[in-house]
Amino acid sequence: MTEFLQSVLGYEIGWFVATLALILLIALPLMLAVAMIIYFDRKVIAAVALRRGPNVVGPFGLLQSFADGLKVFLQETIIPSSANKGLFLLAPIITFTVALLAWAVVPFSEDMVLANINIGLLYILAISSLGVYGVVISGWASNSKYPFFSAMRAAAQMISYEVSIGFILISVVLFAGTFNLNDIIKAQEGHIFGVVNAYGLNPLLFPMAVLFLISSMAETARAPFDLTEAESELVAGYQTEYSSMSFALFWLGEYANILLMCTLNAILFWGGWLPPMNVDWIPWFDIPGIVWLFLKIFFFFFLFSWAWATVPRYRYDQLMRLGWKVFLPISLFWVFLVSGVVMIDKFGWPL
Amino acid sequence: MQVFAFYLFASIVIASGAFCIFARNPVHSVLWLILAFFNAAGLMVLVGAEFIAALLVIVYVGAVAVLFLFVVMMLDIDFAELRAGFMKNLPLGLVLAVVLLAEIIIGIGAWSSVGTGNADAAVGLPAGGPSNIEALGALLYSKYIFLFEAAGMVLLVAMVGAIVLTHRQRGGVRKQNIGAQVSRRPEEAIRNVQPEIGKGVEL
Chain A
12 MTEFLQSVLG YEIGWFVATL ALILLIALPL MLAVAMIIYF DRKVIAAVAL RRGPNVVGPF
72 GLLQSFADGL KVFLQETIIP SSANKGLFLL APIITFTVAL LAWAVVPFSE DMVLANINIG
132 LLYILAISSL GVYGVVISGW ASNSKYPFFS AMRAAAQMIS YEVSIGFILI SVVLFAGTFN
192 LNDIIKAQEG HIFGVVNAYG LNPLLFPMAV LFLISSMAET ARAPFDLTEA ESELVAGYQT
252 EYSSMSFALF WLGEYANILL MCTLNAILFW GGWLPPMNVD WIPWFDIPGI VWLFLKIFFF
312 FFLFSWAWAT VPRYRYDQLM RLGWKVFLPI SLFWVFLVSG VVMIDKFGWP L
Chain B
22 MQVFAFYLFA SIVIASGAFC IFARNPVHSV LWLILAFFNA AGLMVLVGAE FIAALLVIVY
82 VGAVAVLFLF VVMMLDIDFA ELRAGFMKNL PLGLVLAVVL LAEIIIGIGA WSSVGTGNAD
142 AAVGLPAGGP SNIEALGALL YSKYIFLFEA AGMVLLVAMV GAIVLTHRQR GGVRKQNIGA
202 QVSRRPEEAI RNVQPEIGKG VEL
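If you read the protein sequences in the order shown, they are chains A and B.
Residue 12 is where the first sequence starts when you use this note's numbering, and the numbers rise one by one after that.
Residue 22 is where the second sequence starts when you use this note's numbering, and the numbers rise one by one after that.
Keep in mind that a hint or two might mislead.
What the hints assert, rightly or not - If you want the footprint, here are the derived chain A segments under chain B, 3+ residues with CB under 8 Å:
hint	region
1	122-133
2	143-151
3	323-332
Derived from the structure by calculation, the hints contain no laboratory data.
Idealized CB from N, CA, C, for every residue including glycine.
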């Protein structure tokens, strides 16, 4: 598409228009996916709680999210009189924008990637570390005590788990030898005896896969780690003072972030757009890679909602202990272990 | 396109730096500082140092500035008191400003007397060469390995020192024993009693 537009519109303008179109091609389906995944989330949680879940709007309640969206769109935006107005409105915008930004480097299949950059994983790490600003700014700008508590908790929680996520990512990068997400996926092709396309099933990396799944739940503040919006103590956390579209932006951003974390799980440990096994006698390679990626994302999202519906919320000291005293030492030790194994694999035993 | 992006980033860096100083509210100052960091990262990308740019965002924006914000938000801010120290610190500030200005002037003088050298050569890495990260890693882990490790040791010592200085045993604190909590079984935690009417239960 870029070449075609460049031939029509000239080099620079063509590139600009093509990139803009590709961004929309990612962002709009993503919003649609968020709407449907919210519906799915509510259905799964309802099923675990032996309820029906949304079933009124549209067939099987499929249009529930759109009805909710329309509802918040028509509501009045209320800004508390003591709030810091500019920052109060800026915070949901930051959350939403940052949640969309990271999708620029996600490879949907071998050539379907907007920006195939060398430092893809670092870019995602950088962008996801920005997510905390939306929460912190909203908590402070609301000028209200529960949002403020929530912002403090969110800042502490996200920083704690980002440290161990960083170490987990490093062990994957050591194995793959690159920061490029597409190359990380390709490095997983036939990783185990030339058959299984997944780092996650490597006994050395399986613990890291589990740690990453749990850390990504904590990083996105999903239950059981949703201390930032624990309704029994903090009303609705940092979103307490928000209404209408500003609230909806938080919601959309949160779910886009959760989808991103599911995608990262699929890409880093479970082969991304590769089919699960590298064999010819099953016609798996005829199915386009994007379908495999979506199936994997869907599976991980199911795990997220399953955990939400099953596990009770952590206490705050337990959350911090898990991050600093359990995950951090294990992942740090694993970086040593993995680099040793990679070293022996490449250069043989020392001495 | 690149020139346009450069002037955009550069002017935002300078403007947000100025706002960072002039903002009355410390929280706004920190937010302007973050914007400055972010645009500095944009400048790094423009000269082809994408690894440095990513590190700038991850370390400074993602961790250091969050902690700044964390601390500044907790402060009980008295604006009058903030203004009061202004005249007292003015001479020191002026001295610093003069020193920095002199450094810039000397730097520009040296640069213009020696000639532009490589400064106006095409930026960015040659295509097909090692990537940014590989080149940096090869240099750090071979030529500068001792300096690199020394820097790591300094950071480790600083971290241990900070923990030792702030860690203190407080009396009257009930500590959570997670092991005991996890290994607790229903038999130890629950009692079934049938109290007599009017007697109540002893805990």
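Task: Index of numbered hints that the structure contradicts, given in increasing order - done: none
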